[in-house]
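Peer 1: Keeping the supplied structure of chain A fixed, place chain B with the ligands upon it in accordance with the hints.
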Amino acid sequence: MEIENVIEVQNLTKIYRDFWGRKKVRALNSLSLNVKKGEIFGLLGPNGSGKTTTMKLLLGLLFPTEGEIKILGKPADDVKKNERIGYLPEESYLYRFLNAEETLDFYGRLFNIPAKLRKERADKLIKRVGVQGARKRQLKEYSKGMTRRIGLAQALINEPDLVLLDEPTSGLDPIVTRDMKDMILKLRDEGKTVVMCSHLLADVQDVCDRIAILYSGELKELGKVDELLKEQDETVLRTSKLDQNVIDQVKAVLEKNNVELINASQPTATLEELFLKTVEQSKARPGQRFVPENEQAESKESSTNGSSKK
Amino acid sequence: MTFDITDFILKDGVKHWLWVFGSVCGALLLASLLLSYVVTGMKGPGKVIKTILGGVSDLYALSLKRVFAIASLTIKEVIRKKTLVVFIVFAVLFMFGGWFLTGSTGARGDLEVKNFISFALTTTSWLILPVSLLMSCWGIPEDIKARSIHTVVTKPARRLEIVIGRILGYVVVGTGVLIIMGFAGNIWVHRQVQKSEEAQKALFCRVPLYGDMSFFDSEGKQSEGIHVGDVWDYRRYIKGATQSTALWEFEKVTSDILVNDKLKIEARFEAFRTHKGQMKEGLLCQVFLENPVTRKRVKLPVFHINEFTQNIIRINRKLKHYDEKEKKYVELDLIDDMVFDNDINKKENILRVGVRCIDPGQYIGMAQADMFIRYPDRSFDVGYSKAIVGIWLMMVLIVSMGVSASCFLKGPVATLLTFSFLLVGQGGFRQFLNEFVDKQVLGGGPVESIIRIVTHYNQVKELEEGATKMVAEVIDSGFFYFLRIAHQIIPDFSSFKMTPFVVNGFDVSWGSALAPSIAITIAYVIPCVLIGYFSLKSRELETK
Ligand SMILES: Nc1ncnc2c1ncn2[C@@H]1O[C@H](COP(=O)(O)OP(=O)(O)OP(=O)(O)O)[C@@H](O)[C@H]1O
Ligand SMILES: [Mg+2]
Chain A
1 MEIENVIEVQ NLTKIYRDFW GRKKVRALNS LSLNVKKGEI FGLLGPNGSG
51 KTTTMKLLLG LLFPTEGEIK ILGKPADDVK KNERIGYLPE ESYLYRFLNA
101 EETLDFYGRL FNIPAKLRKE RADKLIKRVG VQGARKRQLK EYSKGMTRRI
151 GLAQALINEP DLVLLDEPTS GLDPIVTRDM KDMILKLRDE GKTVVMCSHL
201 LADVQDVCDR IAILYSGELK ELGKVDELLK EQDETVLRTS KLDQNVIDQV
251 KAVLEKNNVE LINASQPTAT LEELFLKTVE QSKARPGQRF VPENEQAESK
301 ESSTNGSSKK
Chain B
311 MTFDITDFIL KDGVKHWLWV FGSVCGALLL ASLLLSYVVT GMKGPGKVIK
361 TILGGVSDLY ALSLKRVFAI ASLTIKEVIR KKTLVVFIVF AVLFMFGGWF
411 LTGSTGARGD LEVKNFISFA LTTTSWLILP VSLLMSCWGI PEDIKARSIH
461 TVVTKPARRL EIVIGRILGY VVVGTGVLII MGFAGNIWVH RQVQKSEEAQ
511 KALFCRVPLY GDMSFFDSEG KQSEGIHVGD VWDYRRYIKG ATQSTALWEF
561 EKVTSDILVN DKLKIEARFE AFRTHKGQMK EGLLCQVFLE NPVTRKRVKL
611 PVFHINEFTQ NIIRINRKLK HYDEKEKKYV ELDLIDDMVF DNDINKKENI
661 LRVGVRCIDP GQYIGMAQAD MFIRYPDRSF DVGYSKAIVG IWLMMVLIVS
711 MGVSASCFLK GPVATLLTFS FLLVGQGGFR QFLNEFVDKQ VLGGGPVESI
761 IRIVTHYNQV KELEEGATKM VAEVIDSGFF YFLRIAHQII PDFSSFKMTP
811 FVVNGFDVSW GSALAPSIAI TIAYVIPCVL IGYFSLKSRE LETK
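Protein chains in written order, with this note's numbering: chain A, 1 to 310; chain B, 311 to 854.
In short, the hints are calculated from the structure, not lab data.
Just to be clear, a hint being listed does not mean it is correct.
As the list claims (entries may be wrong) - Heads up, simulated DSS-like pairs for lysine-lysine below, C-alpha to C-alpha not over 27 Å straight-line:
| hint | chain 1 | residue 1 | chain 2 | residue 2 |
| --- | --- | --- | --- | --- |
| 1 | A | K220 | A | K37 |
| 2 | B | K386 | B | K606 |
| 3 | A | K136 | B | K386 |
| 4 | A | K23 | B | K386 |
| 5 | B | K353 | A | K23 |
| 6 | B | K353 | A | K74 |
| 7 | B | K391 | A | K80 |
| 8 | B | K386 | A | K119 |
| 9 | B | K391 | B | K455 |
Being a predicted model, the structure only gives us computed values, none of them experimental.
With the rest of the complex left out, here is chain A (with noise of 0.2 Å):
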């Protein structure tokens, strides 16, 4: 069976130009691709290589210089799309004299939500994005974190079929980082589809279904993650720590079998990982303290209730 496509694009050429209609940046040239139904979608990407600016054709924002676009069957610049449609901006371009609770409110409105409805949603979603603390205050007060994940929020509050996500975890600690990728992987499981743009791979690495690389405007490279990154050529074997001597023996073996052993050694986790460890535990134990090895000596004696690194 023919799965659905949600976004389909043929030939998009974008040329900015400036205040008199001189060509400034072809920004995107020639671009065709398509989205499916239920996938997560990644658009990957230097900076400047015209990932945020195939948002906004999507969107209907920007206008194509060339190319056709359809997006839920429909052209981009039709606006009944946005009944389905959830997005979030780059930078979290919202009212900053509303407090979250009134920004959602606002964007409901404009999707004629009724208003039990709305409120019911509005406070979901600001469970969902973490934001309960603040609810009240305006959004100038937030961080750069808040106002993402209050963005978020947003871009979800009329349940959309399609989510366009612009840097999600930009500017959001690894913890939130964690909880935008589980929040966007449950998006799928709900059925919806995200596009989704970053130029953090580890992100989207992890997430996406689909990746499309773009360098200057132009697309590099198209297809499914797993298969993208399969090193056809190489085998890894994971084993509990070995000494030398068996290293040693090992080596052997593969040799005698003309295999070349490229590297042997322990394995390092990614910085993310530790951190993610790191913060785990101290909200498991919020008085401990890391404190260097040459000062424990002097801690232990000047005081007694010092704390140690575990």
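Peer 2: This is chain B with the ligands only, laid out in the frame that chain A set:
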């Protein structure tokens, strides 16, 4: 002060509006079709038509709920960004204004009242209008600059709803402030006049009924009235002790107009003396009522006119009249016997009032607005509130123009554009434009004028025939054509000035002030919304 007492005729106004609006729309459509064809080829015109059809469907899909959402966002924005702090200036002005105003005109209480009213109303409009201009011109550009508008247009909000919502929001804020300021001003005026009894008495609104006027010369033929060589050709004169008459016909005179069974006529005369005569007393004047149908003419007692101030003539409903035929006094009823209908021009309930000068060799001068019947007086607050309504209408107009301009211009430029529109729509400039368009101004158009300046050529003399004159005429006629269009498009704000009515102790006239102002407001709000909508729709919401 003179009043324009010509009534506004709605049907003609609408016709004129439809004509201008239609032709401007048509011209714009044609221009955009052509332009789009030139720029983008065959695809262009199709796109233009699609945009217009999109506009129709957006109008159809317009949701008031979304409009209100955006309006309330606008209101919150204005309040929370503390734009309204400016109005504290207003309060301060009011507190100190009284010190400077009292005593400045001497003891005449009724003149002081004029100052108070004019101060209150002028301050109100001078504060509310610039602030609403600024508010409305900066909202959308700021929204675009901060890109917060991106989160709105990616919701099902139509850009039409954004434009209307913004206008509505600013109007609501302005209305709120205006109500507060109006009340404050009103209370202030009332407090100020409490100091003198004279002033308190002068605080009311007269409701005039104006009539048509014509002059008849000493032979009884209709004439233009006598011109006595005044520079100001406003009043014309009648000659004393002759048949020379000024005749007014007031329409719609019914018993409703009587106060305590008396008809109250107010008149203002100017005297022109060819000899000194009785200098201590005013010229003698006679007023009579006439019914041409029954051929009855009732003469009222002769009186001395007061120059430069009002003459009040009170006429009892029961009139004593000496009947020449029956040779005895009969009693006539002012309404039943003297008021008549004119079937020829379908006018009803006409009262005819004539004025003659009795003093031989002297002249009395008057103009149409100089004599009017007074309806029962209204309270000062009525006229004052109407003047506030006038300011409100002006504010609505400014807000719509500001929002509309800000849809395609940045804040400062939009402010400038709206401001120049305002300036150009004011009386003085408009009059100049009128004369210019009618080619009453000497020296011709800009090119011709430049030629005259450079060659020191006299303004009155025709330019010499030749190529230069031809070129000048061609360019100038293009310029005049442009001006004539501008003349049609630029609003005429003179009818919005309702303060003078109240200041001079009149109720604000419906026909010559309120009705045309309302009509003008509506006539401009509609194209403003359209311009705003199409500009917002056809642009990318990025700052350039
Ligand atoms: N409004 C604009 N006017 C002119 N050029 C623009 C505009 N917006 C973006 N560009 C240009 O278009 C190109 C692509 O920009 P875009 O914002 O799409 O990149 P991006 O992939 O989102 O980058 P980042 O990772 O930094 O967000 C850049 O060269 C940028 O300078
Ligand atoms: Mg970007």
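Peer 1: Take the hints in turn and mark each one as holding or not.
Peer 2: Hint-by-hint comparison with the structure:
A hinted pair counts as satisfied when its Cα atoms are at most 27 Å apart, and K220(A) with K37(A) qualifies at roughly 23 Å. For the given pair, K386(B) sits about 68 Å from K606(B) by alpha-carbon distance, which is inconsistent with the 27 Å threshold. Our distance criterion of 27 Å between C-alpha atoms is met by K136(A) and K386(B), whose separation comes to about 15 Å. Of the supplied pair hints, the one linking K23(A) and K386(B) is violated, its CA atoms being roughly 39 Å apart against a limit of 27 Å.
Distance hint between K353(B) and K23(A) is fulfilled; the C-alpha atoms sit about 21 Å from each other, no more than 27 Å. A threshold of 27 Å between alpha carbons decides the hint, and for K353(B) with K74(A) the separation of about 19 Å falls inside it, so the pair holds. Between K391(B) and K80(A), the direct Cα distance comes to roughly 32 Å. Violation of the 27 Å bound is thereby established for this hinted pair. Between K386(B) and K119(A) the CA atoms are separated by roughly 19 Å; this keeps the pair inside 27 Å, and the hint holds.
Simply put, K391(B) and K455(B) have alpha-carbon atoms about 16 Å apart, close enough for the 27 Å limit, and the pair holds.
Hints 2, 4 and 7 from the earlier list are contradicted by this structure; the remaining hints agree with it.
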